[in-house]
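Chains as they are written, first to last, in our numbering: chain B, 116 to 499; chain E, -10 to 151.
Mixed in with the good hints, there may be bad ones.
What the hints assert, rightly or not - Under the rule of at most 25 angstroms between Cα atoms (straight-line distance), these lysine-lysine pairs were calculated in the DSS-like manner: (1) B:K243 - B:K372; (2) E:K148 - B:K140; (3) B:K163 - E:K19; (4) E:K19 - B:K157; (5) E:K148 - E:K75; (6) B:K265 - B:K243; (7) B:K472 - E:K38; (8) E:K139 - E:K40; (9) B:K175 - B:K163; (10) E:K148 - B:K142; (11) E:K75 - B:K265; (12) B:K472 - E:K11; (13) B:K231 - E:K148; (14) E:K37 - B:K472; (15) B:K472 - E:K75; (16) E:K75 - B:K268; (17) B:K175 - B:K399; (18) B:K163 - E:K11; (19) B:K231 - E:K139; (20) B:K265 - B:K231; (21) B:K247 - B:K268; (22) E:K148 - E:K18; (23) B:K397 - B:K422; (24) B:K268 - E:K30; (25) B:K422 - B:K399; (26) E:K18 - B:K163; (27) B:K265 - B:K397; (28) B:K157 - E:K18; (29) B:K363 - B:K252; (30) E:K136 - B:K231; (31) B:K157 - E:K11.
What the hints assert, rightly or not - Computed from the model, here is a short list of chain E residues facing chain B with C-beta under 10 angstroms: (32) D3; (33) P14; (34) T16; (35) R79; (36) N87.
To be verified - Chain E stretches covered by chain B per the calculated footprint, using a threshold of three residues with CB under 8 angstroms from any CB of chain B: (37) 7 to 13; (38) 47 to 53; (39) 134 to 145.
Simulated from the structure, these hints should not be mistaken for laboratory data.
Cβ coordinates follow ideal geometry from the N, Cα and C atoms, glycine included.
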Amino acid sequence: MRDFGGPNVVQEYRRYFNGHDVFDKEKVVITFDLHVPARDEKVASNQKCLRDFANEQGMKLFDVNTGIGQHILLENGLVKPWDIVVGTDSHMNLLGAVGAAGFGMGTTDIAGAMYKGRLWIRVPGTIKIIVKGKLKKHVTAKDVILHVLKTVKTAGALNRAIEFSGDTVELMSLTERITMASMVTEMSGDVGFIVPDENIVDFVKSRTGNDFELIEPDVDAEYEQIFNLSVNDLVPQIACPHSPDNVKDVKQVAGTKVDQVFIGSCTNGRFEDLRVAAEIIKGKRINNNIRLIIVPATTEVAKQALKAGLYEIFLGSGAVVTNPGCALCTTGHPGILAPGEVMLSTSNRNFIGKLGKGAEVYLSSPATAAATALIGVITDPREV
Amino acid sequence: MVRGRVWCFGNDIDTDQIYPGKYLPLTDKKEIARHAMEGTKEGSEFIKKVKPGDIIVAGTNFGCGSSREHAPVAIRGIGISIIIAKSFARIFHRNAVNIGLPILMLENTEDIEQGEVLEVNWESGEIRSITHKKNYKGKSVSMLEQKIMKAGGLLEYLKHAE
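Here chain B stands alone, though its shape is the one from the complex (with noise of 0.2 angstroms):
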């Protein structure tokens, strides 16, 4: 559970189970992502309390000097293929990215888990989205997954599992896989599941420190409906105002004035993200009339970046980086937007009010972000 849901989970775990144990304390983690580090009295007491569960308890809890609570889940190793993991954020669906059903949920689910071990769980159909093709220089799996949701639309997984396939799917790597994944939410989808390769069997191993067994879907499983996806000649793509599904070409709203534009989030904030970006701003500076703020996933990406130079560049571009976290996926954060203000986000939802009143949120690939803060419209990645 995380700060955002977990004092109420304590709050019901304690009115209907107090003095228990947690089922197995090995397997309950708290994670502090939402408002890190705290931002307001409330928000203060709200991580005391669950800092006083995990001590009372004797389990672990990621502090706000962690980062994205699924992220630090795969970094530290405690989620491998086939595992079911439950957690309070809608989108624990990217653990899809390594095999794993996560499967978000509210605080008396979690209390109910965290006590029992076991939960109902209505078994969801399956659709199968089958992505083949050689993505362009500049088009990415954001730009995969925007196009998926503007054929699935946002009620079109509803209640169902997504397997994605095809080979342009088969070659991703764990960043990319992740930012597939973590859009099933906006499809309504229960679970994202991408069959593990090599890379990704290592990478587990790697953290995990175990060997674990690779299941792979029955070749003769039944889909409820399957998609059938060319990226070949696929180009930028970018969701408007005010759905996620409500997707078009860059090129189309090219030219539209932003505010503010944000790279980081549980879709988009780990370092091949970041490269990205950087790689487009590197030895420039953003327009003077832009706030470019930049917000690694997890302490780990930071570092990363530290190494390979990308915050000299950010911060030489006049970009804003601040510490690892969910950012602006949601109001409260600090970069919160004006009533008519514009912003381009890399996150996975621009819903009405989602970042402040009146505020309009465009949704796009780290690539199309770095080239919008540059030039101060919406723009292809392809012409700068």
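Since the structure of chain B is already known, use the hints to place chain E on it.
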């Protein structure tokens, strides 16, 4: 069986509309209820006009978006007796069942009007419009989910399931 006046909402009513993100740090259920549906077209007027027993009727994918349980907690907190929708987002569906807030799936929700008075049996799925003397048949949740709801929610259910 519940009975109440209808409040109509559209498709894809997300959790930010049901319960705006800026109130996420709240943990007191009474305080949470003060912001029910505040991000929708009804705005902060909703909680002033709504009466205990009233019914929410909506289109597809009600409660999509974040995992915040504040959303159904707020709706229950202001006394809504049942939510009838074409479909519910997974997490919202679970959260509603887990806190014992009745929900019902109905295909033709567009036939129901704002202000109409309904009588609903959430176990059988039978809906009777008192205003229009009309009947509808909704789809109720599974037997296990009904048991959880009747127990008063998941934690009560688990506590006694030992």
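Status of each hint after checking the structure:
Straight-line distance between C-alpha atoms of B:K243 and B:K372 comes to about 37 angstroms, which puts the hinted pair past the 25 angstroms bound. For the proposed pair E:K148 and B:K140, the alpha carbon gap of about 19 angstroms is at most 25 angstroms, so the pair holds. Straight-line distance between C-alpha atoms of B:K163 and E:K19 comes to about 22 angstroms, which keeps the hinted pair within the 25 angstroms bound. Note on E:K19 and B:K157: the hinted pairing holds, with a Cα-Cα distance of about 16 angstroms set against a maximum of 25 angstroms.
Of the supplied pair hints, the one linking E:K148 and E:K75 is violated, its CA atoms being roughly 32 angstroms apart against a limit of 25 angstroms. For the given pair, B:K265 sits about 16 angstroms from B:K243 by alpha-carbon distance, which is consistent with the 25 angstroms threshold. Between B:K472 and E:K38 the CA atoms are separated by roughly 23 angstroms; this keeps the pair inside 25 angstroms, and the hint holds. Between E:K139 and E:K40, the direct Cα distance comes to roughly 23 angstroms. Compliance with the 25 angstroms bound is thereby established for this hinted pair.
Distance hint between B:K175 and B:K163 is fulfilled; the C-alpha atoms sit about 14 angstroms from each other, no more than 25 angstroms. At most 25 angstroms may separate the alpha-carbon atoms for a hinted pair to count; E:K148 and B:K142 meet this at roughly 21 angstroms. Between the alpha carbons of E:K75 and B:K265 the distance comes to roughly 22 angstroms, so the proposed pair stays at or under 25 angstroms and holds. In summary, the hint linking B:K472 to E:K11 is supported, as the alpha carbons are separated by about 11 angstroms, within the 25 angstroms threshold.
Restraint check: the Cα-Cα separation between B:K231 and E:K148 comes to about 10 angstroms, which is no more than 25 angstroms; the hinted pair holds. At most 25 angstroms may separate the alpha-carbon atoms for a hinted pair to count; E:K37 and B:K472 meet this at roughly 21 angstroms. The suggested pairing of B:K472 with E:K75 is violated, with an alpha-carbon distance near 28 angstroms, which exceeds 25 angstroms. Between E:K75 and B:K268, the direct Cα distance comes to roughly 16 angstroms. Compliance with the 25 angstroms bound is thereby established for this hinted pair.
As the CA atoms of B:K175 and B:K399 are separated by approximately 42 angstroms, the hinted pair breaks the 25 angstroms bound. Using a Cα cut-off of 25 angstroms, the hinted pair B:K163 and E:K11 holds, with the two alpha carbons roughly 20 angstroms apart. Taking the CA atoms of B:K231 and E:K139, the gap is near 20 angstroms; set against the 25 angstroms cutoff, the hint holds. Using a Cα cut-off of 25 angstroms, the hinted pair B:K265 and B:K231 is violated, with the two alpha carbons roughly 39 angstroms apart.
A hinted pair counts as satisfied when its Cα atoms are at most 25 angstroms apart, and B:K247 with B:K268 qualifies at roughly 20 angstroms. For the suggested pair E:K148 and E:K18, the alpha carbons sit about 21 angstroms apart, so the restraint of at most 25 angstroms is met. Our distance criterion of 25 angstroms between C-alpha atoms is met by B:K397 and B:K422, whose separation comes to about 15 angstroms. The straight-line distance between the Cα atoms of B:K268 and E:K30 is roughly 23 angstroms, inside the 25 angstroms bound, and the hint therefore holds.
Of the supplied pair hints, the one linking B:K422 and B:K399 holds, its CA atoms being roughly 20 angstroms apart against a limit of 25 angstroms. Restraint check for E:K18 and B:K163: satisfied, since their Cα atoms lie roughly 20 angstroms apart, inside the 25 angstroms limit. Between B:K265 and B:K397 the CA atoms are separated by roughly 32 angstroms; this puts the pair beyond 25 angstroms, and the hint is violated. A distance of roughly 15 angstroms separates the Cα atoms of B:K157 and E:K18; the hinted pair therefore holds under the 25 angstroms criterion.
With a CA separation close to 18 angstroms, the supplied pair B:K363 and B:K252 stays within the 25 angstroms bound. With a CA separation close to 18 angstroms, the supplied pair E:K136 and B:K231 stays within the 25 angstroms bound. Taken as a hint, the B:K157 and E:K11 pair is honoured in the structure, with Cα atoms around 12 angstroms apart against an allowance of 25 angstroms. For the restraint placing E:D3 at the interface with chain B, the shortest Cβ-Cβ distance is roughly 5 angstroms, inside the 10 angstroms limit, so the hint holds.
A least Cβ separation of about 5 angstroms between E:P14 and chain B falls short of the 10 angstroms threshold, and the interface hint therefore holds. Annotation: interface hint on E:T16 holds; nearest CB of chain B at approximately 5 angstroms, less than 10 angstroms. Of the supplied interface hints, the one on E:R79 holds, with its beta-carbon coming within about 6 angstroms of a beta-carbon of chain B, less than 10 angstroms. The interface hint given for E:N87 is met, as the beta carbon of that residue sits about 4 angstroms from the closest beta carbon of chain B, less than 10 angstroms.
For a cut-off of 8 angstroms, the count of residues in the stretch 7 to 13 of chain E with a CB near a CB of chain B stands at 4, and the three-residue condition holds. For a cut-off of 8 angstroms, the count of residues in the stretch 47 to 53 of chain E with a CB near a CB of chain B stands at 3, and the three-residue condition holds. For the stretch 134 to 145 of chain E, the stated coverage by chain B is satisfied: 6 residues place a CB nearer than 8 angstroms to a CB of that chain, which reaches the threshold of 3.
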